Amino acid sequence: MSLLDVQNASRHFGSLVAVRDVTMKVEPGELRAVIGPNGAGKTTFFNMITGFFRPSSGRIVFDGEDITELMPARRVWRGIARTFQVTEVFPELSVRDNLRIAVEVASGYRLRPFLRGNAATEVRASVTDLLEMSNLAPMAGRLVGELSHGDQRATEIMMALALKPKLLLLDEPTAGMGDQETYDITRLIRKLHAERKLTIVLIEHDMRVVFHLADRVTVLAEGAVLAEGTPKEIAANEAVQTAYLGQAA
Amino acid sequence: MRFDRRAADVLVWLLLLTMPFWIDWVGGYTSLGTRVVVLALAAMSLNFLLGFTGVLSFGHAAYFGLGVYGVGLTIKYLMPSTLAGMAVGVAAGTVAAMLLGALIVRLRGIYFAMVTIAFGQVFYFIAYRWNGVTGGDDGLSGWRRVPVDLGVAHLDILGSDSTLYYWCLFWFAVAIAIMALLLRSPFGRTLLAIRENERRARFLGIPIDRHIWLSWVISCLFVSLAGTLYALLNNFADPHDLRWDQSGDFVIMAVLGGMRNFWGPLIGAAIYVVLQDYISSQTENWMSFIGLMFVLVVLFFPRGVIGALRRRTAT
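Going down the list, the sequences are from chains Y and L.
Our numbering applies: residue 583 is where the first sequence begins, and numbers increase by one.
Our numbering applies: residue 507 is where the second sequence begins, and numbers increase by one.
Mixed in with the good hints, there may be bad ones.
As the list claims (entries may be wrong) - Far from chain Y by the CB rule (all over 10 Å, computed), these chain L residues: (1) Thr640; (2) Asp643; (3) Gly648.
Claimed, not checked - One-sided excerpt, in silico: chain L residues whose CB lies under 7 Å from chain Y: (4) Arg612; (5) Arg614; (6) Phe618; (7) Leu689; (8) Pro692; (9) Phe693; (10) Arg705; (11) Ile712.
Derived by calculation from the structure, the hints in this document are not laboratory data.
Being a predicted model, the structure only gives us computed values, none of them experimental.
All C-beta atoms, glycine included, are put in the ideal place defined by N, C-alpha and C.
Chain L with its partners taken away, still in its complex shape (with noise of 0.2 Å):
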């Protein structure tokens, strides 16, 4: 029996759908779930780059970050409001990603990877050192997301978990169908092009470069959405998130539920999420539980848990 496509994206809507309402029973809590599903919009727009155009960055923090910042400066300092804040953020990410990848999109492989982590390095050092705006090495705190005033509604991110799992969860939605919509296009099927065999594709009269710096710029700009979504989760903005172990984080989610399908980097977010919640309360050693489940996975599983499960299924 074949993997259905469509009863798997039906499933996790649903699972999505209803998380408030199940997640304690399983012995989780609704910010673990919110956690869930901002990092793993994340890996999923890592992966738009990584998985289906076949690109590899190791920067992807930096904009994760400028988003992150974004929020937590402009609530600060400009004005106290959480659509602002996603807007300066999600517009910085963006700009940044436009102006860099102008210069490095026409660098293939492991020299791309490296240049994007230099790159990302800048950034991160930058609000690690500016202690007088980004509150350097202690973080960005003394700020706290603001309900949201839609006129019709009045949405109480602050005071309600559900609320704000609700509010990611539809920004989630809005990326994740963007996203599903490009690949499945004209454009999308470019990218796939250049995934599989870049000289073919250049043979087509596809101008790799330009198609490349497109896929980046979307790519970071969601990553940066879902920077956004992660400051108004934690109140806080941390200049770890700028830095090249959280791209790392992302490259990990993405390969470890399988890179090569559309839901993959989700289901990695979650085993990394819920691994970390779970074995950080027992030891501080978490993360080589974590390294040691990505060697397994890697060598076993090239494709990931998803590439694991659907060779179970199709045999």
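If we strip away everything but chain Y, and leave its shape as in the complex, we get (with noise of 0.2 Å):
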């Protein structure tokens, strides 16, 4: 069965249609990547399967379960974690406390006035293991917002890991990095791939990100999906590469 299954989802925003009728399966373990061209809806796309907006037709079926109509917090429940285009961490707090807050939530603790001392040493012993598989541990103690951008999407990928998710949804994980950051956060998700056997699905513009990464890559344009396969087969496809590939070289 497939973890994500989205059915014939489409998405118009008054006359425009972001999104036209995609329908796409991703298995479980497996790393997903997006690609489209500038303004072919793949976050519009992400924000159906994350519950920030409803699709306008269409079905998605998270786990077994249909979750169209779900609020966006009982997605999270559920097991889809996301990241953003543009980063979203809490700027004026600690790496800690922002890992923090997110253990606390995923463990449901979200309500409690206090945790006694088991519960507490649980938490700690979390945010140290985000803290050391990310590298991030020498920062904890510093605000985020204080922290190079490279940091910053660190520490958003960390806060999505630690809330145990089946899917995790990377937005444009590497945008505006420069090549170190590129190279570091790439390793990071391949890492947390392998090690945690995570389905992961992606929005990427970098093509070595890509083909590095994925096991098999949708290609969405002008909302619509245009071609599905294996890197490779990718790479080969003349329409894509009119579509897309051709036009960015």
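Can you join these two chains into the complex? Each is in its own frame, and there are hints to help.
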């Protein structure tokens, strides 16, 4: 059974059709890249999956359950975590507190007025794990707003990971980064995919990253699926080359 | 040198606990100190919502005023008991906040602020017009706070100014301790998360509206507690206590002192009350001086007096 099963999803904004009749299945453990020219509807597609808004028509099934109508928080509780194209963190809190909030919410402690010793120890241990896995440990006490773009992005990814998701959606994880930062984030994503057996769907513009990471690639153009296949198949696909790769080169 | 948080806590509590012993010496008087503590509680309660959840209310006077009238009406018409009056005042403010909060919690920013004003004015006009019960424009007088008999101790809050001060300080301490505890809890951190980045908080799985509602109710509960103490202090319920400009005063106190700091609104309330007391003895236009100071602080020290002090000590 597919982990994520998007069936004929469309989204209109007035007369603009941002996503047109998209069908996509993601298998457990897969790392899928979604690519396409600017305005192809990639982020809109993500927003429908995570509940930022609902599809105008179509269905979204996650882990065997229809989630089309659920509020964002309920989708998170069922195991969908995401990052954003423009990094979304808690800038005036420390890296540690950013992660701690994510861990506490994921552990079901969000309404607790205090934590008993055991629970507090578990939370601390999880936060330490996340810090070390991402090499953020040396910056744990600093405000996230003071960190480099790459470290802020890493914090956001680790916050999403703290939710112990079944499906992680990354919206352009390397956007606006230099070569070194892109390399670091790519390595982090690959590590998470390999070590945690995490199912990941990412939107990416950097083709090096896509071909380096993805098991399969879905190409969107003008809101519709243009092609789907392994990175090699996609690189060889003529329709994709004219619509996207050719245009970019 | 960083501003040490624990040292600040100790200093604040020492000053508050010894207030009646030094306030005359610096040219004040005990009920001025009581006024500071009571209004500080109101401003700190507002700041639970404003500074630590990032939600601006311009209608907190409504719940403050429900506390005030709860005490006045209970003692005047129901039973001569300070504690019963306080219980009624806090219950009235909290229940009203629970109901109205459920209606407005989906709104954000300026829309939220506007609707809180609108609901606040409803309470003001009820108190202002319902002459037979509330005393209308003249306010509710003809009642006095009643000494508290706890069985083991008899607290003469009517006859002794310093006993009244410690009575208020006790409730202040209880409320402040609960709020401080909550802010350091997982729940409190979700409020900071909402303040910092609502979108990120939502996609961490925090049901934003419910958490804002809780923060709103907690904030209004303690502001109505402050209202009950204010009624005891004045032996009078004034419809002005419910009006939108009273709400504005709480916001001014919080911003003046520094809304990102836990003790900021206390400093703001102290400055406000002392300036009001001093300048209003010199000129009727004391409010323009407070306004001028407010504008200067917002322009030059957006983080308030405490923010400015911290920056000085940090560099």
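Hint check results:
no. : hint   : verdict
1   : Thr640 : holds, 36 Å
2   : Asp643 : holds, 42 Å
3   : Gly648 : holds, 41 Å
4   : Arg612 : violated, 12 Å
5   : Arg614 : violated, 16 Å
6   : Phe618 : violated, 20 Å
7   : Leu689 : violated, 10 Å
8   : Pro692 : holds, 4 Å
9   : Phe693 : holds, 5 Å
10  : Arg705 : holds, 5 Å
11  : Ile712 : holds, 6 Å
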